[in-house]
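Asker: The lines below spell out each chain.
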Amino acid sequence: MSEPLLFNPSRASIQELERTFVGRWQQLQALERDLIADAAGSSRRHWQLIGPRGSGKSHFTELLSRRLARDQGWEVVRLPEEHYQVSSVGELLEQIVMLLEQLDLSPFARERNPRDVEELALQRLRNRRLRSSKPMLVILENLGILLGRQLSATREQSKLREILIGDSPFTLLTTSTSYVDEASRHDAPFYDFFQIVTLEDLSRIDVAQLVEARAEWDGDTQLLGQMEQVRQRIDAIFHFSGGNPRLVLALYGILRRGVTEDLNKQLLKLLDEVTPYYQARLGDVSPQMVRVLTAMTLSDGPTTPAEVARRTRLTTTQITANISKLTQERFVRPGGRPDGRRRYYEVVDRLFRLWLQMREGGEGRRKLRFLTEFFQRWYGGKNAELWRDATHVADVFWQEIRSGRPARCADLLATLEYLGSAFPGEYRDLIIESLAEGLEAAGPDDLAPMVPLLEKLASEIEDATRKSAVNLMLTRAYRTLGRLEPARQAFGRVVLDESTLGADGLNLYLDALAYVAGAPEAFKKGLVWLKKMRMMKYCQLQLGELGAEVGEVGRAKELFEAHLAQTDCVNCRRLAYKRIFFALMRSRAYDAAMEFMGQAVRDGKAEIEIRAMEATARWWAEKLKDAEELARLAEEWGDPDDVPPWYVYQLVCVRTHGDRPDDALRLMRGVQVRYGNGFWDQFSGHVIECLVRIAVNHDIPSDVLEWLVGDRSNREFLASACRAEMPRLASSAGRYRRGILDAYRVLVARDVLPGDIEPYAAAVSVVSSEDREKSLAALHPEMREAVSFLIGTERSQRKVEAEHGSVSNPTLN
Amino acid sequence: MAALADAPQPGWSVAMADFEYVEHPAEFLTELVALLLLDDPVARLLKQATRAPGALARWVAVVSPELAFSRPEIGELKVRLGKALPSTAAWPELTEELLALMSKREGSLLIIIDEFPMMIGNFIQRDRDSAIHFLKWFRAQRQRLPGHIRFLLGGSVNIEPVLEGLGVVALLNDLERFHLQPMEREKSIRFVREVLAGEGCEAEEDAIITITDAIGTGVHFFLQVLLSECISEARRRNTTLTADQVRSAYEQRVLGPFSRGRFSHYQSRLKSNYGPLEQPARIVLGHLAETESATLQELRQVLVIASFADVPASDVVARLESDFYVTVQRGAVSFSSRFLRDWWRLNAPAVVSLR
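Chains as they are written, first to last, in my numbering: chain A, 1 to 813; chain B, 814 to 1168.
It should be emphasised that the hints constitute simulated quantities derived from the structure, not laboratory data. Glycine included, C-beta positions come from ideal geometry on N, C-alpha and C. Among the clues, some could well be false.
To be verified - With the Cβ distance kept under 7 Å, some of the chain B side facing chain A (calculated, not the full set):
| hint | residue |
| --- | --- |
| 1 | 833 |
| 2 | 834 |
| 3 | 1074 |
Said to hold, decoys possible - What the simulated footprint calls covered on chain B by chain A, stretch by stretch (three residues with Cβ under 8 Å from a Cβ of chain A suffice, anywhere in the stretch; the number is not a length):
| hint | stretch |
| --- | --- |
| 4 | 888-899 |
| 5 | 924-935 |
| 6 | 1048-1062 |
Said to hold, decoys possible - Using C-beta positions, here's what the derived DEER-type ranges look like:
| hint | chain 1 | residue 1 | chain 2 | residue 2 | range |
| --- | --- | --- | --- | --- | --- |
| 7 | B | 964 | A | 315 | 47 to 55 Å |
| 8 | B | 964 | A | 37 | 30 to 38 Å |
| 9 | B | 980 | A | 315 | 34 to 42 Å |
Construct the complete structure from the given sequences, taking the supplied hints into account.
Answerer: Have a look at this one:
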């Protein structure tokens, strides 16, 4: 980041100077024309280039002088900025001679009287000019220092003016940060002597062009390729730099590198780097002006002279005079009239404002204030980018931990904290949220070696917020590892300011508390918070989950309802339904789960239903702890943009167990139409099972069942489905077969099935016979095997249970 | 003056130099000799003089064998002359001889001594009596000069108040005063147009009129200040200068904080030069800045209200008029230029009541 600040025009090639010069070409070319025209005429003007520090004066003069030398054959002398060797006009001219002739020793070294040196040096320069016919340009930076300190005697200034106004052998191009008193005081020799060229701050467009020009010169194709995307950032650069090219280049460094993981450190470094620059700028103005400027800087936004007068205990007249001078120095500018009457002023250079705030503001808040404003402007409401960058920083944090080199982790945490602090409404606990996301992905094997490093980090960090965040992560890690006691200890070191916790932070805190102190304690605390803390209203979903877990289903339902009532976002509602359903099912509150799932369905979005079923399926698979089943599910779910039949099946299951079997049936028919035989072949077993369950579930209201089987289209569908699939199902239904046989019997009894379907009819016959073994033995061997399978002889039952475990409810257990 | 030097009248030569930095009569002599050596007839006379008796001949002879009296050696010449000067007290005799020698010059010579008042100010600052002695001596020399040798003494400040303070204002009463008057409006417009053209700055006709009328007087300096800002702005924007840009440059740059110091002497010199009239003058100017013009009777009333009933308004107005702050036309007193009035209204501190 420090490179741009060190940009030194005198070391750059002319190509670089030309290609990175923006916003001032008209001025440069006009001055070039004037210089050339004057050199050809009898009288010449001398120039004063005015611009604050960092405004590009050196770039301007360097480029101008090199162009004149290259294109016009001029001789150019650039005097040292500090003028340490000059205390008289004679010595000034002596310096010009030595630089021009590249002499180490002065040809006037023997002269004791500076005025003699003056005459001799002037003669030498004039004669050189006559001999060579090359025009001479002398560049003299810091005119104010030269006239104010080195040549402060009126005689010296008068003499220099006489030389310049008369037969001057050279054209003088001076620079200054503002109007120089010695050239603007009416009684001063140089009063209104110089032709003024003012370098204005770069416009917003200029700043964008400068960034682009620098990127082109640096060959930064990545940045060039996304100039449109970084427009917001360029606006931020304009905002902070006030259009000052030096600061633009300093901030360009950040833009070029992107928001790196230790950005906060880099930004603070940047402020350190600009310190000499700003100190020098403050050195250009009087102590009283500095005081006024400081008061203006520390106030938020534009302020009035009267307000500044109150703060500084100076008179309004003094303030007005100082503000006027500060305006000349381009430290401040009129800032509009918010109340329509009084004049307001504001500090031009925001980075300067932040720099001064850093140095003058309260110890605890000054860094935060700077970084907060920086990040707010940098992201400019683009929260997705903020979150992306925060996630990136958090990822790097975990990489550092995993690699066993947590040296940078403290800075990374600081960056996350500052990022979050910049957006107190939405991301104030971003540090916890982003870190937790990285932790979620880690399994026990990953976490075990990371825990000691986290412990070490937690013990070393001093900042309370970051320390607590790490301890909270530790608590989660220990939870994943199933180590309750260390989790308790880590949690005991978590000292979060609850009032500053956002919803996610509260959730994490509750989660950790539930682990170390138990769900009842967490639920109890959550209910207390709910009454006291505004942000807790965004945690009602989790609190409801805790309620369900501790058996407070009624209270949990209220919390779920409250959460859903305040959630408009479709995706959020979808996730909420998933979690609600999940929580209620886990606590075996099936009815309540079905109730909410029915509500989800009534929200009218099939996608919601399907995603909700995904949760069911996942839960079910996890419940089984069956790796193969999980793998199979993952494979079958496939492309989430398609509607995987598995979800449909799950949906049907839920509807079957819920109060909308008609919906289930209608959905199945729709799926059949959409997916045709392919789907039917693959998943018909599951579908049939659902149909069966529709038929056998005694919880289904009788009127619904009557409708179901009474509806002609339903009956036909059921019948055709059963005819097509039940025979095959009989041999492949696995652990569900007994239920299916029961279903067959119900369907037959309800006259849903027209005619017998084997092996069900045979199985029903066997089961209903007095001598089951004899009836079975009478069957054809293949039929006998099939029937045995369906009726579940003890041997076959044991075999099934050995394969699948003991599951009585295949879908929703 | 530069125009006179660049294009002398037929039969005349011009030697011109800025003497603002000169601090002592002896230095004046050295500079004057160096200046005159650039004039070939005078240089020839001086060369011949080195062979004649006299203090001037002895002095100049010190350098003449090795150095030609020519421009490329002027620096060294001055150094040698300075070193060879018998004593600082020798300047009257040497200068008298020099002027006497110059009377033999063929053809007319105009010697322009620019910033003469500043030089005298330097003398006074170093040695008041010596300065008065120089002024008396110089007056006598001027009166002795033949008609073809003339002095033109230029200056951007008026030395008379200073000499008045020393009681020696009569030492300059042989000089003919030549005040540069403001240009008429038509000439101002022409001036503005030609300066813009000379600078290669394209401007709409409205812009030219706006520049002229914004300043409201044909004072070159005021016009040039605004012109300079307008040209800078047009160059920066790379556009044809418009009336709006002129108005903006006038309000933001000329009247604004950036030029505050440039014109602050208009109010600061009231403090240094007006004595007991300072506050009444400020009150009168403050009133005129607000009302545009007022009669003497109205100004009298203003002073009475501000507790300056004992100060005659006519005295205040006369002093302000002589210093070009105000003009009086048909009994109406107003600022001498619109620019000065605008500047005063925005930049001079308000004075309400002082007693």
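Asker: Each hint: holds or not?
Answerer: Results for each hint:
no. : hint                      : result
1   : 833                       : 4 Å, holds
2   : 834                       : 3 Å, holds
3   : 1074                      : 4 Å, holds
4   : 888-899                   : holds (count 6)
5   : 924-935                   : holds (count 3)
6   : 1048-1062                 : holds (count 4)
7   : 964/B - 315/A: 47 to 55 Å : 50 Å, holds
8   : 964/B - 37/A: 30 to 38 Å  : 33 Å, holds
9   : 980/B - 315/A: 34 to 42 Å : 41 Å, holds
In summary, this structure violates none of the numbered hints.
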